[in-house]
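Undergrad: Chain by chain, the residues run as shown.
Number of protein chains: 2
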Amino acid sequence: MHPVIKWDNNHILLLDQRRLPLSIRYLTCRNYRDIINAIKRMAIRGAPAIGVAAAMGLAMGSSAIRARNFDAFRRRFREIADEMAEARPTAVNLRWAVERMSALVDSCSVIPLDEIKQTLRRESEIILAEDIDINKRIGRNGEALVPEGSTILTHCNAGALATGGYGTALGIVRAAHEAGKSIRVFADETRPWLQGLRLTSFELMEDHIPVHVIADNAAGSFMRRGMVDLVITGADRIAANGDAANKIGTYQVAVLARENSIPFYIAAPLSTIDLSIKNGENIPIEERDPSEITHINGRMIGPRGVKAINPSFDITPAKYITAIITEKGIVRPPYLAGLKSLFTTEAQSAQR
Amino acid sequence: MHPVIKWDNNHILLLDQRRLPLSIRYLTCRNYRDIINAIKRMAIRGAPAIGVAAAMGLAMGSSAIRARNFDAFRRRFREIADEMAEARPTAVNLRWAVERMSALVDSCSVIPLDEIKQTLRRESEIILAEDIDINKRIGRNGEALVPEGSTILTHCNAGALATGGYGTALGIVRAAHEAGKSIRVFADETRPWLQGLRLTSFELMEDHIPVHVIADNAAGSFMRRGMVDLVITGADRIAANGDAANKIGTYQVAVLARENSIPFYIAAPLSTIDLSIKNGENIPIEERDPSEITHINGRMIGPRGVKAINPSFDITPAKYITAIITEKGIVRPPYLAGLKSLFTTEAQSAQR
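Going down the list, the sequences are from chains A and B. Using this note's numbering, the first residue of the first sequence is number 1417, and each one after it goes up by one. Using this note's numbering, the first residue of the second sequence is number 1417, and each one after it goes up by one.
Any given hint might turn out to be false.
Which copy is meant is left open, because identical chains are indistinguishable; a pair holds if it fits in one copy or across any two.
Claimed, not checked - Derived lysine-lysine pairs resembling DSSO-like cross-links, with alpha carbons at most 30 Å apart:
#1 Lys1723 - Lys1552
#2 Lys1735 - Lys1723
#3 Lys1422 - Lys1694
#4 Lys1756 - Lys1422
#5 Lys1744 - Lys1723
#6 Lys1723 - Lys1597
#7 Lys1756 - Lys1744
#8 Lys1694 - Lys1597
#9 Lys1552 - Lys1744
#10 Lys1597 - Lys1756
#11 Lys1552 - Lys1694
Source of the hints: derived by calculation from the structure; they are not laboratory data. Model, not experiment: these values are computed from the prediction.
Taking the hints into account, I'd like the entire structure generated from these sequences.
TA: Have a look at this one:
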């Protein structure tokens, strides 16, 4: 698999996901604003990958800060961090990464600035490595839920390309495949951006995991015809009560899964869980340019002047979610207690 | 509105819907096989429009038959009719039109062949005119169900372009608009063929009816957010129990409507109702070329060698359908009796 993001001396290289799968090209980011633009324009996308990119972008941004003392450094760092946090609104991993890097800066007041910059660079490398490790844990935890011979439906791309590597939802698919299970994937094409057609099929084909792309419109019909055994998607933000924001269309898939008595799982790292938000109503939903719907490959498809509305995410209420699969284990309803306990355990482990 | 289909001396002109809305071009059909190909390749589509095209195609085909006597004429006509009936499998209007034209031939055994050919031509003109009239009746009947100020979600294109003119689902929209109601339409873009983005938005914009195109993936989310008041779609075949085949994705919309307590209506002429079929399980579902999903405008979007499955229709079980709106009135559950009575009334009217 091609790395999604990597350091190249003092620059950052991003696998440009707007060009996949037809062209495998890396975008060179030379300063933190290049990273912000890459996130905004979806050269890199997927909640965990955005988090990793933000951390790396902040490390790169900090390295260019010319400050006389720690306070001036921190002031400038915070400006950059605030800009970074605004790149996209829905995925909380972005804010999580910004806060982790900012907390690290705060803890460095007595360290020389050059060392702080090195520490931030190292931290971004740790975040990337941790993300891959977390995905493998999610994969191991979720693999038990994938029956031999099953067909897994997934929506959007929650794969290696959406993370530091390996993937969340597709991490579970990979783990089941590596465990020798004979499985296949139905990939919703995922309009308007076609992450399923362009990215999910691409990375599964590279790993020789059987995959069929379907129109988003066909997901329900295949469920009703008994052709889907389980659904796994990623998430961009999970509220304290288990409501989950994810790519537009996820809500529909979840409703259809329940209607057809098919388990609907969300796979996500703890960095996607936002206990500060009570429920899904409070998660900000990004609305993107209507041209994502009306144009394909830069070419107008609809009539001149046609209007479109293009929300990029939706909320799946917790009641439709069979379980949430994290690196710390599988959480089932009621989610309020279950999700909270993940963090309590983490805090306790850290104290030991 | 541009006519969908029309006679041009002995040829038939079809508004080529593959090119809409960017180019308004008529395809000239010079023999019945041109019509069959146009139906197969979706230059003309929509269940009622396919019925009209089949009738006109049979009239054109019959005019070229060189036969010495009625039996030879009828034999050849039946061959053509059998070919025509096979053009596409799901919409029953095709078979309905073929059967109506065949019955007419059967009733003409004592008439000179030239006159039979003229009769068939006239019958095809009547079918076209009737279809427009039927749609206007559907519009009038359904208009009462559209509240002032409401947002109507529709899937695919059940408009003027899918019929002889005026439309079924969009006929109701037009009737509500003509009645002075302030309404707006959310048009599902309707992958893979994008009938909503290309056709529904086009014809509503021509009539100055407010329309927004949305990704199919967003329909459920808008329903959950209270932004949709009712759903109206067409149908390709309705079984005796009310189960309805329609464009892939209709089933999902119906499930989501019920989940969100929004009425889901089907608008269709009697020629779409197939009492010979007990329920939806027996309706043949066309599967079309995977390239409809993997390619857009002839250009590959997915990875080389990607597999896709492309069913063109799905079945919406009757339990999700609030009412079926026909030219003879509105039928509500239980459908078995209600649908049957439409035809009984028709037979009785005809006997008077």
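Undergrad: Evaluate Lys1735 and Lys1723 at a C-alpha cut-off of 30 Å and name the case that applies: within, between, both or neither.
TA: neither (33 Å within a copy, 33 Å between copies)
Undergrad: From the Cα coordinates, with 30 Å as the cut-off, is the pair Lys1756 and Lys1422 best called within, between, both, or neither?
TA: neither (33 Å within a copy, 67 Å between copies)
Undergrad: Should Lys1422 paired with Lys1694 be assigned to within, between, both, or neither, using CA atoms and 30 Å as the limit?
TA: Close neither inside one copy (35 Å) nor across copies (60 Å); limit 30 Å.
Undergrad: Is it within a copy, between copies, both, or neither that the alpha carbon of Lys1552 lies no farther than 30 Å from that of Lys1694?
TA: within (29 Å within a copy, 50 Å between copies)
Undergrad: For Lys1756 and Lys1744, with the copy left unspecified, which applies at a CA distance of at most 30 Å: within, between, both, or neither?
TA: For Lys1756 and Lys1744, the Cα distance is within 30 Å only inside one copy (12 Å; across copies 58 Å).
Undergrad: With identical chains, the pair Lys1694 and Lys1597 could be close in the same copy or across copies; at 30 Å between alpha carbons, which is it: within, between, both, or neither?
TA: neither (38 Å within a copy, 40 Å between copies)
Undergrad: Since the copies are identical, ignore which copy is meant and state whether Lys1552 and Lys1744 lie within 30 Å (CA to CA) inside a copy, between copies, both or neither.
TA: within (11 Å within a copy, 61 Å between copies)
Undergrad: Up to 30 Å between alpha-carbons, please classify Lys1723 paired with Lys1552: within, between, both or neither.
TA: So Lys1723 and Lys1552 pass the 30 Å test across copies only (27 Å; inside, 42 Å).
Undergrad: Reference check for the pair Lys1744 and Lys1723, CA-CA at most 30 Å: within, between, both, or neither?
TA: neither (44 Å within a copy, 35 Å between copies)
Undergrad: First find the shortest C-alpha distance between Lys1597 and Lys1756 inside one copy, then the shortest across copies, and answer within, between, both or neither for a cut-off of 30 Å.
TA: Result: close neither inside a copy nor across copies, 33 Å intra and 50 Å inter.
Undergrad: Within a copy, between copies, both or neither: where do Lys1723 and Lys1597 come within 30 Å Cα-Cα?
TA: between (46 Å within a copy, 21 Å between copies)
When held up to the earlier numbered hints, the structure conflicts with 2, 3, 4, 5, 8, 10 and fits the remainder.
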